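So the chains spell out like this:
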Amino acid sequence: MTSTAAASTHHGTEHGAGPRRGYLMRPGWVRAAWCTATFFLIGMFVVVALRGLAGWDPVWDWEIIILVAGMVTAPIGFLLGMGTFDYWLYWVSGRPTLVDDHANHGAYRWTDYFKVNTDHKVIGIQYLVTTFFFFLAGGFLAMLFRAELAQPGMQFFDTQTFNGLVSAHATLMIFVFIIPAFAGLANFAVPLMLGAPDMAFPRLNALSFWMLPVAGALFLTSFLAPGGAFATGWTSYAPLASEQPFGQVFFNMGVQWAGASSIATALNFLVTIITMRAPGMTFWRMPLLVWANFTTSLLVVVATPFIAGSQFFVMFDRVMHTSFFTPDNGGYVLGYQHIFWFYSHPAVYIMVLPGFGIISEIIAVFSRKPIFGYRLMAISLIGILALAFSVWAHHMFVAGMADWLRIPMMITTLLIAVPTGVKVFSWLATLWEGKLHLNTPMLFALGFISTFVIGGLSGIYLAAVPIDIHASDTYFIVAHIHYVLFGGSVFTIFAGIYYWFPKMTGRMYDERLGKLHFWLTFVSFNATFFPMHWVGLDGMPRRVADYAGTYGALNMVISIFSFILGASVVVFVYNMVTSWARGPIAESNPWKAMTIEWQVSSPPPVFNFDEIPQVVGSPYEYGVPGAKHVVLKGGALQETPA
Amino acid sequence: MLAIAAAAAVVTTLVAVLIRWLPHSASEEMDRITFTYWFATVICIAIFSLVIGVIVYSVLAFRAQPDDDTDGPPIHGNTTLEIVWTVVPAILVIAIGIVSAIVLSKNADAGSNPLQVKVFAQQFAWRFEYPGKVRSEELVLPLRRHVKFEMTSADVIHSFWIPQMGQKQDVVPGIMTSIVVTPTRTGRFTLICTELCGLGHATMRAPVRVLEQAAFDSWLAKQKAAAGGGAGGGTTTTGGTDTGTTTGASDALGAKTFASSGCGGCHTFAKAGSDGQVGPSLDDLTGAAQKAGESVPDYVRQSIVDPNAVVVAGFQPGVMPQTFGDSLSTDELDALVAYVSGEESQ
Chain F
0 MTSTAAASTH HGTEHGAGPR RGYLMRPGWV RAAWCTATFF LIGMFVVVAL
50 RGLAGWDPVW DWEIIILVAG MVTAPIGFLL GMGTFDYWLY WVSGRPTLVD
100 DHANHGAYRW TDYFKVNTDH KVIGIQYLVT TFFFFLAGGF LAMLFRAELA
150 QPGMQFFDTQ TFNGLVSAHA TLMIFVFIIP AFAGLANFAV PLMLGAPDMA
200 FPRLNALSFW MLPVAGALFL TSFLAPGGAF ATGWTSYAPL ASEQPFGQVF
250 FNMGVQWAGA SSIATALNFL VTIITMRAPG MTFWRMPLLV WANFTTSLLV
300 VVATPFIAGS QFFVMFDRVM HTSFFTPDNG GYVLGYQHIF WFYSHPAVYI
350 MVLPGFGIIS EIIAVFSRKP IFGYRLMAIS LIGILALAFS VWAHHMFVAG
400 MADWLRIPMM ITTLLIAVPT GVKVFSWLAT LWEGKLHLNT PMLFALGFIS
450 TFVIGGLSGI YLAAVPIDIH ASDTYFIVAH IHYVLFGGSV FTIFAGIYYW
500 FPKMTGRMYD ERLGKLHFWL TFVSFNATFF PMHWVGLDGM PRRVADYAGT
550 YGALNMVISI FSFILGASVV VFVYNMVTSW ARGPIAESNP WKAMTIEWQV
600 SSPPPVFNFD EIPQVVGSPY EYGVPGAKHV VLKGGALQET PA
Chain C
0 MLAIAAAAAV VTTLVAVLIR WLPHSASEEM DRITFTYWFA TVICIAIFSL
50 VIGVIVYSVL AFRAQPDDDT DGPPIHGNTT LEIVWTVVPA ILVIAIGIVS
100 AIVLSKNADA GSNPLQVKVF AQQFAWRFEY PGKVRSEELV LPLRRHVKFE
150 MTSADVIHSF WIPQMGQKQD VVPGIMTSIV VTPTRTGRFT LICTELCGLG
200 HATMRAPVRV LEQAAFDSWL AKQKAAAGGG AGGGTTTTGG TDTGTTTGAS
250 DALGAKTFAS SGCGGCHTFA KAGSDGQVGP SLDDLTGAAQ KAGESVPDYV
300 RQSIVDPNAV VVAGFQPGVM PQTFGDSLST DELDALVAYV SGEESQ
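The listed protein sequences derive, respectively, from chains F and C.
Quick note: the first sequence uses numbering that gives the first Met the number 0, first residue 0, plus one each step.
Quick note: the second sequence uses numbering that gives the first Met the number 0, first residue 0, plus one each step.
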C-alpha cells in the first residue's frame, strides 16, 4: 500500500492541518442548512435594500426575492455548507492546504455517499442514485397525466396543471435524469477504463454533482409556486414563457444549475481523457465508451451555453422587461427557437452517444468478439458530432423561419442517419457468428438496437420536410422522442447499470429479476409508444389535456401499458436495492471483459490502481489467442474498503 | 436469416398497409405528403426488416451454451462491407431528400390566382378574413382552388393544422407566415392549434367547411352583405358609438365576439352556454364589481383590457391573455362589455 493511500484511511479528519471543527462548522448537512438559510437572507436583504433605495414599489417583491435569494444565493449557500468550496477557499485565503488531501476521498460507510466526496467512483454512484430519484419523480408525473389522458374530457386536473405535469415530466427526465445518469456511469467507468487514478479535477467533479440536486429541487418545487409549475413544455417557447405564471422562472433557473453541472463535468472528462490516459493508451486503443464520452463532452461544452443564454433572455424579458424574444421593441420571436435548438438538438446526441458507447462495450463482451470496424465506429461518433451542429432547424420546419433553410437542414439531418446506421450495422456484424450470452445487459442492448432503429427510422420521416410538416407537434413526435430517449437512452442506462453493477457494488444483481424487468419494460414500452405514431399521424396534437373522442380507445390502451411500464421500474429498484444489500459477492471480472476496469477488484480500490497500468493492445481482442489490452504487473490492489 | 428478415418484412408491411396511418387526404398537398410518406415507408420497412432479421437470427443461431466459455472468431472488420453500409444508406436518404425537396416546392406553389385568406390567431381563438374585409369565425374554403393563408398572432405562437389537409404552419407574433392549401373534397373538418399556447391550448379549434366554388361564392357574398348591412360588423375602423341605437345587432356582435375570442373556454357564462372552469364565472358580476368599487360595465371592461388589475380570490394573475384591448375593435369591445354585463337589454 502506498503512503498516499495510507494517509486517506484515517477518514473523519477534516481539511488541511486545521483543528477538527465542531458540529455546526463541519462540512455537511447541518452546515448546509444554516448556510442555505443565511444566504437566502443575504439575497433577500440585497433585493429589499436595492428596491428600497431605488424607491421601487413594492419593496418586498416576493417574485424577485425568490428568484435572487431562493434560486441563486441560497443554492450557493447550500454548496458552501456541504463543503464543495472548502479547499479552494482555504487556498484563496492563504490558509494551509494539504496537496495530497484525500480526507474526502472514497466511501467507507454508507453515510459517506451523503457527503461531498472526491472519488470518481463515489460520485458516479451519487449521480446514479440521485438521477434515479428524479427518474421516479418524472415517471410518477407521467402516470398522473396518462391517467388524465386515458379518456377524452377532463377528469383529474385543470389544463394549467396538466401542462405543468407534462412540462415537469420532460424537464426532469432530460435535465436531471438522462444527461446526468450518463455522466454518472461515465464518472464511474471512464477513469478506470483509461487506467487513471481519478478524474483530472476531483473537487470540480464533486461540485458538478452537488449542483444537480439544486436543479432537480427547483423543477420539483415549481409545483408550489403560485399559478403552478412551469407549463410551457420542456421547450419553453417564447413569448409564451415570458408571460406565464411565476413557476416558469423555476425552469429558467433550474436549467442554469443543471447546465453548469453538465459543462463542468464535460470539461473534466475532456481533460481527463486527453491528459490522463495510461501509458500505451493511444486514442486508437481507447474503449468506445471513452470515445463516446469524449465526443459527448465536446458537444456539451460547445452547445450548453446556448440554452443557458436562451433561458436567461426569456427570464430577462419577464423580470427586467427586456425584449429579446417579444415582438414589440424589436425583439425576434423565432430567435428563441434558433438558440434553444442550437443546444437542444446536439442535446439529443448528448443523450444518446454515451449510450452508443455502453452498447459497444456490452455487445463485444457478450458476443465474445472484437467490435466490428472499431475505427469506423469511432469516426462515426466524430461524424455525428460534426453534423449535430448543422441540423438544429429541422425542429423549425413549420416555425416560420427563412424558407431556404429547410432544404439544407433536411439534407444534413438525413445524412446524420449514415454514421448512425454505420454504428447499428457494426453492432449487428459484431453479433454475427459470435457466442451470444443473453444476460440482462445484453438483453437491454439487443432491445436497444431494435427500438432505437424504430426511433431512427421515424427520424427519417421527420427529416423529410413534407412529412414533418404534417407530423410536427403531434403525437408522432411524442412517439419518436420516446423511441429515441427511452428505447434509446434509457435502455442503455439500464444496460450500463446491470453491466457495471458487480463492479460498482462488489455484488451480483438477481439475473431472473433482471430478465423479468427487461421483458416487462420491452413489451410495455412498445405497447405504450408505438400506437402514439398512429394517433399522431391521424390528427392528435401533443401537449393537449383533452382530445377528440375518436382517439379515446387507443389512449386508454396507451395509458394502461404506460402504468405497466411504470410498474416495471419497481422490479428494477427492488432488484438493485436487495442485491446491493445482500446479493452474492461478485467476482472481479464476471463478464470476462478485457477493458481495464474489470482487471481490478470489485469494487475497485479507493485509488483504482496500486501501479500504473501499461496498455499494450486493443480493448476488444476477444478470440485472439494471447491478446492483452493491459498489463498490471503486480496485479490489482487487493485491499477493498472496509 | 433471410427467411426471418422476409417474415419481418411481411409483418411490417401488413402493419403499414392494414392500419390506416394517415387520415383520408382532403388536399392536393396532403396527396403529395402521402406519396412522400409511402416512399420513405418502403425504404424503412426494408432497413427495419434487415436489422430485426439479423438480431433474431443471431439470438437463435449464435446463442452460446451455458457451459461454453470459448470466444467467437476474431473478425475485426471488413472494408468492403463497411463501405457498402455507408454508401447505400447515404444514397437512400439522399433519394428521400430529393423526393421531399420536389414535394416541398410543389406544396409551396400557390399558382397564379390563389384565394387570399388572412388568419388571425390569439389565445384561444381563430379568426379569418377574406378579400373585401369579410370576417368569419368559420373557415370556409372553395374546392380545388389554391388558398394562400397569411397568418399573424396577437400574443404567443400558435400553429395552424387541418389534419386531413396535411399542411401545418406556426402563427408567430411579429411576423407574417404563409401556407398553401388546395382542398380536394367537400366536407367538414377541424382546424386545430398544435403549438402549446397556454391553458386553453387544447380547446383552440375552429370549424372548417369545404364547399363547391359556386356555393363558396354565394357564402362569401352573403357574408359581405351581412357585414355591410348591420352596424358594428367588425369591419368598421372608426370607433362606432352606435351600440346604443341598434341593440339587437350589438347583442349579436357581443355574443359573436364572446364566442370568437374563446371566452367560454375558460369562463362559465349561462347566457353563452359555456361552462369553463379556468377563470371566474361571469354569471353574476355585481358582487365582484362592488368589491372592486366599480360599476359592472366598467369592471368588465377593465377585466378584459387589463385582466391583472383586479384578480378574483382563488384565481391567479397572468393567466388570462392581456391582448384583448388591442385585438378587439372598439365596436367589438363595447358589444362584448355590454353582452357580459347584461346591459344590452336596457
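Source of the hints: derived by calculation from the structure; they are not laboratory data.
Note that the structure is predicted; figures quoted are calculated from it, not measured.
Hints are supplied without guarantee of correctness; some may be wrong.
[To be verified] Pulled a few chain C residues facing chain F out of the computed Cβ check, cut under 8 angstroms:
| id | residue |
| --- | --- |
| 1 | Ala6 |
| 2 | Val41 |
| 3 | Ala45 |
| 4 | Phe47 |
| 5 | Val53 |
| 6 | Thr79 |
| 7 | Glu149 |
All residues carry an ideal CB built from backbone N, CA and C; glycine is no exception.
Verification of the supplied hints:
no., hint, verdict
1, Ala6, "violated, 15 angstroms"
2, Val41, "violated, 12 angstroms"
3, Ala45, "violated, 10 angstroms"
4, Phe47, "holds, 6 angstroms"
5, Val53, "holds, 4 angstroms"
6, Thr79, "violated, 11 angstroms"
7, Glu149, "violated, 11 angstroms"
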